[in-house]
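Enquirer: Same order as they appear, the protein sequences are chains G and U.
Our numbering numbers the first residue of the first sequence as 1 and each following residue consecutively.
Our numbering numbers the first residue of the second sequence as 1001 and each following residue consecutively.
Treat the hints as calculated values from the structure; they're not laboratory data.
Note that CB positions come from ideal geometry on N, CA and C, so glycine has one too.
One or more of the hints may lead you astray.
Unchecked claim - Label pairs and their calculated CB-CB ranges:
no., chain 1, residue 1, chain 2, residue 2, range
1, G, 35, U, 1144, 14 to 24 Å
2, U, 1061, G, 37, 24 to 34 Å
3, G, 38, U, 1163, 18 to 28 Å
4, G, 63, U, 1180, 42 to 52 Å
5, U, 1010, G, 38, 42 to 52 Å
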Amino acid sequence: MRKRDGDLDKKGLLDLYFFMTFIDKISVLEANTITTKVFEETWGMTREEYLDDFREFLLEQRKEEGLIKG
Amino acid sequence: MKKQMKVRKSLQEMPLDEVLKAMETAGKWITKKIGNPEIGPLSEAMLGDKAAVVLPKLAYCKLAGGDWVWKDGLSLTTQLIRIIRTEISHRLRDSCIRKEPNVLESLTENYVALEDDKLLADELIMEDETRDLGYKLIFEWLKDYPELTNYVRLVREFNSYRAISKRLRLKIGEVKELEMRTMKVIEEKRRGFG
């Protein structure tokens, strides 16, 4: 299907219509197959620790933007 | 610049829980795609921290800083995953290119891992190219049909007849009719495309 780099066969694309249509949602579906247990075992941290890390990061980002007082 | 500032404002004003949920989902996608590699460009040793921690933060910063253009109609989760997908594929590609001269030395475990990295990089880049080019083509073909263009935009965002019917305030049967009309136009254009 690929003729050269970046130049896909346009006709062939339509045969993949449903694949294209759902590719973004497939990513989210894939993500949601990961259970909390699998996640925690993979990374060696609890979900709470993980979210706390992000929460701290986001609050720092917002502080830097002057949206919350530090 | 104006749009980027607007995007940054929207991100900053988004409820924290909503952003957290999007970043968590992105982290889970990373888990699914690459696991926690012990070696290679996505390992903790190379990134400085776990990939599931580093990459969502990087993606958020790219969106907030305007390095990545916000795409209207797409959820924050989808956009974070897209950014991360590109980031992963670039890092894997760069790593494979740098290591290329040594690849054929022997069929070691590292060689197999390198080949896996190349396959994943190809797969991720193909997903991006196929989707973007496909949507571009579909929107071109639907440009005379604003109702159907809007429908495809919603399909791109929501994988659910129910969600789309809610947005459009239509019954699910009516949404399916929109889908049939869209497919009919696309098939006709496709035949004409030869």
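Enquirer: May I ask you to test the hint 42 to 52 Å on the CB atoms belonging to residue 63(G) and residue 1180(U)?
Expert: Between residue 63(G) and residue 1180(U), where Cβ atoms are some 51 Å apart, the hint holds.
Enquirer: Taking the beta carbons of residue 1010(U) and residue 38(G), is their distance inside 42 to 52 Å?
Expert: Taking Cβ atoms as reference, residue 1010(U) and residue 38(G) lie about 32 Å apart, which means the hint is violated.
Enquirer: Could you check the hint for me, namely that residue 35(G) and residue 1144(U) are 14 to 24 Å apart, CB to CB?
Expert: violated, 46 Å
Enquirer: Range hint 18 to 28 Å: satisfied by the CB atoms of residue 38(G) and residue 1163(U)?
Expert: holds, 27 Å
Enquirer: Do residue 1061(U) and residue 37(G) keep their Cβ atoms within the hinted range of 24 to 34 Å?
Expert: At roughly 30 Å between Cβ atoms, residue 37(G) and residue 1061(U) fall inside 24 to 34 Å, so the hint holds.
Checked against the numbered hints given earlier, this structure breaks hints 1 and 5; the rest are met.
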